[in-house]
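Reading the sequence shown from the start, the letters are residues 3 to 103 in this note's numbering.
Be careful, since some hints might not be right.
Derived Cβ-Cβ restraints for the label pairs, each shown as a range [unchecked claim]:
| id | residue 1 | residue 2 | range |
| --- | --- | --- | --- |
| 1 | Tyr67 | Gly93 | 18 to 24 Å |
| 2 | Ser80 | Glu7 | 20 to 26 Å |
| 3 | Lys9 | Ser80 | 18 to 24 Å |
| 4 | Glu19 | Ser42 | 16 to 22 Å |
| 5 | Ile91 | Lys9 | 16 to 22 Å |
| 6 | Glu15 | Ile89 | 24 to 30 Å |
List time: in silico EDC-like cross-link candidates among lysine to aspartate or glutamate, alpha-carbon distance up to 16 Å [what the hints assert, rightly or not]:
| id | residue 1 | residue 2 |
| --- | --- | --- |
| 7 | Lys99 | Glu81 |
| 8 | Lys22 | Glu95 |
| 9 | Lys9 | Asp85 |
| 10 | Lys4 | Glu95 |
| 11 | Lys99 | Asp86 |
| 12 | Lys9 | Asp86 |
| 13 | Lys71 | Glu39 |
| 14 | Lys46 | Glu95 |
| 15 | Lys46 | Glu7 |
| 16 | Lys99 | Asp85 |
| 17 | Lys71 | Asp92 |
| 18 | Lys71 | Asp86 |
| 19 | Lys4 | Asp92 |
| 20 | Lys4 | Asp47 |
| 21 | Lys22 | Asp92 |
| 22 | Lys22 | Glu7 |
| 23 | Lys99 | Glu38 |
Bear in mind the hints are in silico, worked out from the structure with no lab data behind them.
Even for Gly, the Cβ is constructed at its ideal location relative to N, Cα and C.
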Amino acid sequence: MKTYEEKVYISHEHLDEINKMLSSCSDEDVIERSVEEVYSVTFKDGSGITYEVVGNGECFYDRVYFITKDGEEIALDSEYELDDMSIEIDGVEYCVKIIEA
Numbered sequence: 003m004k005t006y007e008e009k010v011y012i013s014h015e016h017l018d019e020i021n022k023m024l025s026s027c028s029d030e031d032v033i034e035r036s037v038e039e040v041y042s043v044t045f046k047d048g049s050g051i052t053y054e055v056v057g058n059g060e061c062f063y064d065r066v067y068f069i070t071k072d073g074e075e076i077a078l079d080s081e082y083e084l085d086d087m088s089i090e091i092d093g094v095e096y097c098v099k100i101i102e103a
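Assemble the whole structure, with the sequences as input and the hints as a guide.
Structure below.
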């Protein structure tokens with residue numbers, strides 16, 4: 003199986019802050035939605051993964067989606083945590099590693 007891997011660099015303190023926000027509530031508690039943080043990677047085949055931390059200032063959740071090289075968005079399950087991820091799409095494995103810098 004072909005595998006693509008990309009890295010996201012983030013400080014330890016900021017990663018902790020984001021994960022604390024995400025653990026504060028679930029998406030049904032969010033009424034007004036605004037994007038607070040966006041992390042995106044693009045793989046060598048032109049596809050990518052985007053991870054958004056979304057909230058209303060009091061409550062936050064994540065929106066994660068895979069973007070095909072043709073621009074189609076495929077929603078992925080929310081994990082309520084910014085962490086390493088690996089998904090398989092059409093026989094190709096895509097990995098994102100979170101590196102605490």
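Structure-based check of all given hints:
no.	hint	verdict
1	Tyr67 / Gly93: 18 to 24 Å	19 Å, holds
2	Ser80 / Glu7: 20 to 26 Å	22 Å, holds
3	Lys9 / Ser80: 18 to 24 Å	21 Å, holds
4	Glu19 / Ser42: 16 to 22 Å	19 Å, holds
5	Ile91 / Lys9: 16 to 22 Å	19 Å, holds
6	Glu15 / Ile89: 24 to 30 Å	28 Å, holds
7	Lys99 / Glu81	15 Å, holds
8	Lys22 / Glu95	29 Å, violated
9	Lys9 / Asp85	11 Å, holds
10	Lys4 / Glu95	6 Å, holds
11	Lys99 / Asp86	5 Å, holds
12	Lys9 / Asp86	9 Å, holds
13	Lys71 / Glu39	23 Å, violated
14	Lys46 / Glu95	12 Å, holds
15	Lys46 / Glu7	9 Å, holds
16	Lys99 / Asp85	7 Å, holds
17	Lys71 / Asp92	12 Å, holds
18	Lys71 / Asp86	21 Å, violated
19	Lys4 / Asp92	10 Å, holds
20	Lys4 / Asp47	11 Å, holds
21	Lys22 / Asp92	34 Å, violated
22	Lys22 / Glu7	26 Å, violated
23	Lys99 / Glu38	21 Å, violated
Checked against the numbered hints given earlier, this structure breaks hints 8, 13, 18, 21, 22, 23; the rest are met.
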